[in-house]
Structures are given as C-alpha cells and as structure tokens.
Amino acid sequence: MYAANYHKPSSLSEAVSALSSNEDAKVLAGGQTLLPTMKQHLAAPSDLVDIRAIDGMVGVSVSGDTVTIGAATTHADVASNADVQAHIPALASLAEGIGDPAVRHMGTIGGSIANNDPAADYPSAVLGLGATVVTSKREIAADEFFNGMFATALDEDEIITAVKFPKPVKAAYAKFPNPASRYAMAGVFVAQTGSGVRVAVTGAGADGVFRHGGMEAALASDFSTSAVDGVTVSADGMLSDIHGDATYRANLVKVMTKRAVSNAR
Amino acid sequence: MTNVSMTVNGKAVNRDIPDTTLLSEFLREELRLTGTHVGCDTSQCGACVVHVDGKAVKACTALAVSLEGSAVTTVEGVANGDMHPMQTAFNEHHGLQCGFCTPGMIMTGIDMVNRYKAAGKKLDEAAIRDELEGNICRCTGYHNIVKAIEDAAAKM
Amino acid sequence: MSDGIGARVKRKEDKRFLLGKGKYTDDIRVENQSYGAFVRSPHAHARIKGIDASAALAMDGVIAVHTGPELKADGIGDIITGWAITSKNGEAMKIGAWSPLATEKVRYVGDSVAIVIAETQALARLAAEAVEVDYEVLAPAVATGKAMNPGQPLVHDEIANNMCFDWEVGDEAKTDAGLAGAAHITEISLINNRLSPNAIEPRSAIAVYDDAEDHYTLYSTSQNPHVARLVLSAFYNVAPEHKLRVIAPDVGGGFGSKIYIYPEEITCLWASMKTGRSVRWTAERSESFMTDAHARDHVTSAKIGFDSDGKIVGFKVDTIANIGAYASLFATATPTYLYGTLLSGQYEMPAIYCNVKAVYTNTVPVDAYRGAGRPEATYVVERIMEKAAREMNMDVAELRRKNFIRAFPYQTEVLLAYDAGDFDAVLNMAQEAADVAGFPARKAEAASRGKMRGLGYSCFIEACGLAPSAAAGSLGSGVGLWESAEVRVNPVGTIEILTGAHSHGQGHETTFAQLAADRFGIPIDNVAIVHGDTDKVQFGMGTYGSRSGPVGMSAVMKALDKVEAKVKKIVAHSLEAAEDDIVIEGGEAKIAGTDKKMAWHEIGLAAYMAHNLPEGMEPGLKETSFFDPVNFSFPSGCFICEVEIDPETGVTQIVQFVAADDFGTIINPMIVEGQVHGGVTQGIGQALMEGVVYDDDGQLLTGSYMDYTMPRADDVPSYTIGHGCTPSPNNPLGLKGCGEAGAIGSPVAVINAIVDAIGTDVEMPATPSRVWAAIQSSAMPQAAE
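Residue numbers (numbering that gives the first Met the number 0), protein chains in the order written: chain Y, 0 to 264; chain D, 0 to 155; chain L, 0 to 784.
In isolation and in its complexed conformation, chain Y is listed as follows (with noise of 0.2 Å):
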C-alpha cells in the first residue's frame, strides 16, 4: 500500500484534530473495509487517525429503551452482548452474521457506518430500528444519515462515536448473501417499533441501503407474511451485475422480508 502515517489519539478532540489538520486523512475504526482497499490501491489515506484507544468508543450501555453502542465496538462484542442479546436480538444476530469470525473480531459498527458499503449489514439495522447516530459535532437521525453508496451526512473532520438504538418491539434482519463475497445480495431489517414499522434493504438497491415504503404501508396494517406476499417489489432501482440482475434481486428483497417477518421477535 502507498505510504501513510498513523495516529492513536487517546482523546476525541485529538483525533479531530488529527483529522482536521491532514487534507487527506482517514479513521481507521476496525480497518476490514479500509486497508483490503489501501492494499489494493484503491485508497490512498496520507493519515490513518486509531479512534480505538479513545475512551467511551468501546462498549454497550442501556438506559431506559435506548441501548448505546460504542463505534469502536467490535462486531463480535455486539454478537456476543447480553444486553444487545437481550433487549434487540436482531442486533445480536445481525452482528453474528457480518464477515467471518476474524473479521468480526476487528471490524467496528462506527466503522461499518461511516463506509456505508452498499452492501454491508449495519446501515439497514440502523435504518431499520431508526437509530441515531451520535458524532464528535451533531446527533443524526438514521433517516438523515445515508446519502447513497459510501456517502454519509458525515463531514470530512466528524467522527462518529456512537450510535443509538431504540428497543423495538420486534425486530428481525435476513439476509442473502453474496455467493462470493458473502455481503449482502439483499439484507432486509424488519422493525416493530413505537412509531411504527420499518423495513430497511441493503445490499439490494442500486443506491445503497433504503426504506421500502410500500413493505412498512402492509406491514404496518398487518405484520405478517401474508400481507409481505401482497407487496410488489419493483426492480426499478435494485442492483444488477454477474451475481443476479435486478429481478432477482427484487425477489430476494420480498424473500428475505417474508423471513425477517416470520423470525421477528
């Protein structure tokens, strides 16, 4: 990879700082997305600015119906959480369901957020439950924070230090992975919450993850398969490429809301 210089701040206002003062510099949360990329040239950071040593960015913590998580916590600590197990096991088991377990042990939900891969797992969790996602500036509600593939509401020197779950009623995520790279072909977060239902797909839509308005309208009137199989998922807008086309896509997106719907708990 091209050269570039690493930092470890220990406090949130360095790592600003550190962020700020290099044009080019990156966070580097978890590093399972950012270095395969550096590695193969396709990102070329001057700065890698560590937020891992700072205090508060690791770990989950509940208050009232709002579980918090750390950015810089690890997939695997989110899978393994008993509060996130107890109070959003969709949560639980989507992190359970992200990379493989290496991976797992070194990727961060910041981390994960923040690169808003098309077709990772955690923007359609963060979507789905209405999450809110907490930065080194600014609070940003989940609906306000992707702007489309790798695009976030994020600027250059902000760093996200936690997000915000509610606790929905019942929540469930399926997903479809990828036969080769095992993202997901089309991931579907389905949430019971107390302003109503959400359905959040990833990995599906051409533009990153979305909310599929006409699945939350059935849903919200009856929350079961049934009303799931009287939605039209339109292949307008869904990705299409060597692994399926849009129509295949577009039937994996009501399949795996069918699944979501039925394991919700």
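Be careful, since some hints might not be right.
[Unchecked claim] Cut-off 30 Å, straight-line C-alpha distance, at most; resulting in silico cross-link-like pairs (DSS-like, lysine-lysine):
#1 D/K10 <-> D/K121
#2 L/K568 <-> L/K535
#3 L/K535 <-> L/K596
#4 D/K10 <-> L/K14
#5 L/K557 <-> L/K567
#6 Y/K7 <-> D/K10
#7 D/K54 <-> L/K568
#8 L/K22 <-> D/K146
#9 Y/K136 <-> Y/K166
#10 L/K557 <-> L/K589
#11 L/K14 <-> D/K146
#12 D/K116 <-> L/K589
#13 Y/K169 <-> D/K121
#14 L/K621 <-> L/K9
#15 D/K154 <-> L/K20
#16 L/K621 <-> D/K10
#17 Y/K25 <-> D/K54
#18 L/K589 <-> L/K561
#19 L/K9 <-> D/K121
#20 Y/K7 <-> D/K120
#21 D/K146 <-> L/K9
#22 D/K54 <-> Y/K163
#23 Y/K169 <-> D/K154
#24 L/K20 <-> D/K116
#25 D/K154 <-> L/K9
#26 Y/K166 <-> D/K154
#27 L/K20 <-> D/K146
#28 Y/K163 <-> Y/K7
#29 L/K9 <-> D/K116
Keep in mind that the hints were calculated from the coordinates and are not lab data.
Quick caveat: nothing in here was measured; it's all calculated off a predicted structure.
Since chain Y is already given, all that's left is putting chains D and L on it; use the hints.
Relative to the frame of chain Y, chains D and L by itself:
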C-alpha cells in the same frame, strides 16, 4: 517509521517499522515467522489467521503499529511441547494436503473451540462449517478439516 | 505390515506444515535479493506504441526496468506449446508468438509488458505503476462462441478467424449413418464454464544468478521442476541445463496451474542476470486471477442416437474450445486428445465423431486444470445420457446399464483402449450407498416443506497416468511421458527414494515410502522421499494427470525390484545359500525354513563395505529405473448427488454426495479419499458457483474472491466414499490414478440432480439466481409427483 513493541509467541519483540506494515508482513519479514501465509488480497482466504490477545484475526488486515502492547500467537506458537491437540487432530484425520491454508485453519479451529467452550455451546458439524466461512481450502474439500476440528474440540 | 500397501498411514510430511515450518517459495530468503513487479496491460487488446520508464527509474531504490525488446535482443525465446495438433484438412495448428514480455501487442488484461526491479516489494509495485505505456487500444475478441466469426478482431494478426486448429476424431460418415437410422435422437447444447484454478499459494519465483559460475538457480512454485529446467534451457535460452538448477520446494497446491513455465519465471531469471541481483516475485491474488492459466471454456452441441431398444447407435459432438490469447503448454492437447478421446464414456458406442475448433481470444491462456478435457467430455456424455433417458421415459441408471461396456480391454471408436473396469459393480455400490430406493420418500418429504429434491448420476471414465511416450509422440506430444526413480539403500539400511514426480499436497512423502516399507518390511520412518530439486534428482516429468501413482510409483517399483535382486545376491553369497531361498520380510533377509538371516542394516553395510560380495558385483546398493507404461490407465466411477433446492431463492443445497470410484489398487485409502473429497469439491464449485467472467471489452469481472466464488466449508456436505477395484494390467501395482476423478465426475452429477429437481435445463455455474430464473421460466409445478 514507528517503534512497535508486542509479545509474539510469548517473546517480547520490538522493531522500527513503516506505519503501513501489515501484521502479516511484520511476522513474515521482520520476525521471519513464515508459518503465517498470505493467499489473497481481499481478506477472505484466511491463510494468515493469528491470535491477537486470544482472538482470531486476519494478520493481512491489521496494521502492526496498531497492536502496540498486544500478545500475538502464530501457528508456530500454539504447541505446548510436541503438538497442540488441534495440530494432532489435523494429522490424525488427514485435514491437510498442500499445507498452505493449514496455519489459518489451525488458528481458526482453536479460536472457534475456545469461543464455543467459553459460551457453553456445542460445536457440531454445521457450526464448524459455518465458523470456517473465512478460511478457504482448495485441496481437502473441508471434509477432513471438519472432522479434525470436531475431534480436537473433544480433546481440548 | 502396518506401513505397507493398503494401510491408512498418517502422513509423514504433516508435522512441518502443522507447526508452520513448511518452506514455500515465498518463505525462502536469498543473498543480494531484490523484488520484481510486472507492468501489466490494462487492455485486452492493444498495440504498444512506446514505453517510458523514466519516472520509475527516477524513484529512489528502483534498480532497473526491462522490456520485451531487450529480452528479445538477448535471445530469450518465445513460450511454447507442448503438443502439435493437426487440423482435419492436414494443416498444422497455427501458433501465435508469445513473448515473455510483450513486444508489439498486448493480448489480454494482465499481459506482461515490463519488469521493474527494486529494493523492496512495495517500491517495485509503486514503480510499476509509474511506468508509462503508450497503448493504441484495439477492439478485442472475447466470447468463445463468436471468436471465429468473420469480422472479429484478430488476436494474432496473421491467424485468420482466430482459429488455432480445426481437429476431428472418429468417423463422421459412420456416425451420420448411425444417427440416420436411430429410433430416438437427443440433442443438447452446453457451455462448460471457464474456471480459475486458485491454488491457495500464489505463484512465486526467486531467481538467483551467480556471475562467477555463470549459473542460475530458480526457486519456483512448480509441479514439474525438471521439465521447467528443460524448457527454460532448450526453448527459452535462459541457460544451458548444467548451468540452471530448478528447485520446487513445498508447493501450496497446483491442480495443473503450476505445470506451466510462465512469463514471470523466465523474466525473473533473465532479469537476475541483467541486474546482478537475485530477483523475487510473488503474485498477489488479483495477479493470479489475471495471469494463472484458466480452464475449460467450451461451447458444445451434441447429438446422440439410440435404437428402439435404447442402445446407442451414434454420437456426434461439435465443440469450440477457447485457448485464450496464446497457446499454453497443454492448451492444444487438453481439448483434443484429453477430450474427444473420452467421448465413449462407459458405453459401447459403435460410432462417434467429434470436431473441435480451438480459438484464440483476448483472454488469459486456457490450459489444463484438474481433469483437463475429461471433465468436459464427461459433462457432455452424462448430460446427454440423462436427457435422453428422460425423453425416452427410461430410468437414468437403466439406460446406462443397457449400454455399459463389459468386456475388457475395450477398443473405443475414438482411439483409446480401456484397460479394466466393472461399471455395474460401481453403479450398484453407489446406488446402495445413496439409498436410491428411498429417494421418492425423501423427495415427497422435501416437497411438504416447499423444497425441490433431485438425484443426479455421473458414470464416468477417464484416461490418466499420462503416457506412453511413443503413443503420445505419435499424436504430437513434445515430451516423453515416463517417470524415473532412484532407490538408495544407505550403509545403515535407511532408504532414500528420489522421484521425478512432485508432491504439492498429494502426500508422496508417505505413499512412496509405503512402497519400500511394504517391499522390505522396514518402518516407514526409515524411508525418505527426495523430490523437487534438479540438482538432487535425476530427470523426471513431474506431477499432473494423476500420473504419480501409475507412472511414478511404477518406476519406484521397478527400482525396488532391482534393489531386491541385488540384496538377494548379497545375502545368498554371505549366508552361502541359493538366491531363490532368500525371503525378505520384516526388515530381514532370511534363508527360508532356517533361522539364518541378515538384518537390513547388515545388508546395507555389506553392500558398502564390499569385503565379501559375489564375484564381479559392484559395491553399493542404489538402483535407478525409468518406467514408460504401455497404455494410459482408466479410472472409472459412479457419483450420485442429491440436491435440495429452495424455489424461493434458487439456492441449491447438496444434501448427499456419494462417490464410488474404481482406482484399481489403492496404496493409502486415507490419502485417496482426501483426493476425492478435494476433487469433488472443485467439481461442485464448477457446477454451482465458479465461473470466470470477462466483459465485452475483455475486462476481468471476477478478479478477486469478492466476485469469484470459491467453495467454502458450508457449501459442501460430508462425503460418502466407496471403492471398487479392478486393477490396471498396465503397471506393476495395478494403479489407475486418483487425483482428478473427483473433479471429472462431479460437475455433471450436480447438474443432473438440479435438472431432476427443477425439471428444466440450467447452465453451469448453477448459481442461485440462475436456478431461480430457470424455475421461473419452467412450466413445471414446483412439487412434482
């Protein structure tokens, strides 16, 4: 260049290395521990799996400088005496052919057994196959790898 | 004898691999080393108008940049193909020149243009990116089925229609006549998907030049170091053989892809002389996808005719085979003599005709990969047999039985003479193991869960143990196809076996040692196998085509015969007995019926002390043999695959896979079964998930594991293995070879099972999206019966 100190296979090591040195490069080039193999550039084949502070990690996808103070164990360091029970089981069940993916398989196998034991879960064939998602073998068809891990789990 | 032939001996070589102490090429460090990186074409087809290396050369730590014209000027030869094919009109095949570094044109994405030598690997790579090549981009020919169409761009300007050869085997008139009289005709169109071999160890080379001795050493990930040395000397003019040592240390899988001598090894050797530095290069996986020889890639249409009793009356096959941009070593033999000659399958076919047109395209060269030609042949034969059975409303196994060959040797209509087999026995064994009788109940149970079950067969035969030399030579082979062995008994009685075969996962250090342990009754730990170094081992042909057993081990057996004969002479002389009375067992030589004996170490010592040898006998105990068989060997088998398909997603789960093989004699069942497990998994990969895709511009879309699907542990089941045994009469042990059968027989069993489940054809790889689309387009009810 940054100075990094860590413990590798129980020995303290200290080197000045470029910041972008991957853990796999650090192990292979600086420490000449060539049991950690590199079989891909997209973090998928798993030939490079080592343990960092007791957890399986892909050494090709971690910066050595970020592991200051960590304890790293490679395939060269798991045997306590002759061979680790996982290594013995791979020999007993013919769980390797060309041997290139083997170090990663051994390290992943040990990690999964440790995690399942700690969680009190049963590591059956389906679970082993699922846990091997990040390790690709082109020779064995996995049949004997699965058997070896199952056997080692009973003996560890 | 617990370590002898037939024993499940644990592998002697495992320990070093398990402890992380294996020594693969990239693990080796040499003096004075530098790093090479290749400047590669980003275009599928382009003319090179100029190369500007000044920016790269200006970088601190860059040692040199060398290009194709320099390499040509130094007399380095073009890369050869090893098998001359004659077209049906009598013309020689058309070969386009393949320079290790391109000179005028680049012909595939990844074609090498220049080598950069630098002090570090990272720097070499950066500098390679800084070399500016001025390309005139040309339209490429990419698709196999279209490459010979008029108006397609020409990969090699001088080769019309991109056609390398237009070959035939069999009797067309007789076949047409047979088909004309058929009561039923079945036709099929098939694509045999293009694959990437993907040994997990990437290719690697270290070239060391010693200017004082004018001597070269090459460490290389090679399946056949001796052939590499021969070709590097005789054809590429790198150095004469006695000035070139090739070492293939531990090699991490090959599957055919490491047979060939690629541009990188040649260029590194030459560059080490140019720079006076040792030059090392290791492929990144993305480079492997771009430059390792690909495999298969056939477009085929076939027609088979049956009489009213279901007996085959004629079989006609037309195939277009893609050989890529250049004709690689076995690229011309694979779709001809390893393909067309196998089209009789396990069946009595009175008339066969096969035409193969081989085409150049702007893609990486296509060459032999596990099975090489025989998986393609099996795919055609066994797909069309099951399709025919369904069309004729016959049981798929019964149609096969009706046509099985039962008398051996059997001369087919396509050159080969099968040695031995019992196809009924193996089919019965597989059917019993697969509980075929219970399948309808399982299918019904699956249907009750909304799943579709199917059962697919593959009854296959292959030719391996590549040989004999004279026959191969008459068909165009550029090399002899024998193998060599040397057995050295040391003065202390331990044994070294030097073999020209090469182990890169096959377990030779164990199985070859079993031969000596079996013969003399000595512990296997007293036998060492030496291979993979041209300075240590006599010339040999290497390991590919499942030849290490039938050819390599046979050479060892012949050398052991010679050792045994000399031992008997020495012992008879020492103990004053007749040679015929000497019995060797348990590590001793005894006079039968007496307690007079010599221990093995005493025999070794006697041979080397030479104080009391028979008159005229030379001292020492070391024998060499070269074995050249009289025929191929013909492993056969029956695989039965059972699948369950989720119609909602198109996902195919293999719920059972039975592999019943007839490998003749088996030396170590544990290792043989491991070969089957691996081969079957590669075949399942071809059937369900693997496929190289180039887009219309010749860009490789499957350039990493993100897009090229490798079989993982949860994609495949545990396997059920059975062994039939009809020993080959063509070698001393009755071995047939076991390395490729799994990959040859399995793809079609999987596809037949899917077709059985969904009631409609589907192409390989039968990915979930393809299976789902096939189900959607099929009028079949989802839960039949």
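Quick rundown of the hints versus the structure:
no.	hint	result
1	D/K10 <-> D/K121	violated (34 Å)
2	L/K568 <-> L/K535	holds (28 Å)
3	L/K535 <-> L/K596	violated (34 Å)
4	D/K10 <-> L/K14	holds (23 Å)
5	L/K557 <-> L/K567	holds (15 Å)
6	Y/K7 <-> D/K10	holds (24 Å)
7	D/K54 <-> L/K568	violated (62 Å)
8	L/K22 <-> D/K146	holds (26 Å)
9	Y/K136 <-> Y/K166	holds (24 Å)
10	L/K557 <-> L/K589	holds (22 Å)
11	L/K14 <-> D/K146	holds (18 Å)
12	D/K116 <-> L/K589	violated (56 Å)
13	Y/K169 <-> D/K121	holds (27 Å)
14	L/K621 <-> L/K9	holds (27 Å)
15	D/K154 <-> L/K20	holds (24 Å)
16	L/K621 <-> D/K10	violated (47 Å)
17	Y/K25 <-> D/K54	holds (26 Å)
18	L/K589 <-> L/K561	holds (18 Å)
19	L/K9 <-> D/K121	holds (28 Å)
20	Y/K7 <-> D/K120	violated (36 Å)
21	D/K146 <-> L/K9	holds (15 Å)
22	D/K54 <-> Y/K163	holds (27 Å)
23	Y/K169 <-> D/K154	violated (40 Å)
24	L/K20 <-> D/K116	holds (29 Å)
25	D/K154 <-> L/K9	holds (19 Å)
26	Y/K166 <-> D/K154	violated (41 Å)
27	L/K20 <-> D/K146	holds (23 Å)
28	Y/K163 <-> Y/K7	holds (25 Å)
29	L/K9 <-> D/K116	holds (28 Å)
Hints 1, 3, 7, 12, 16, 20, 23, 26, counting from the list given before, are not met by this structure.
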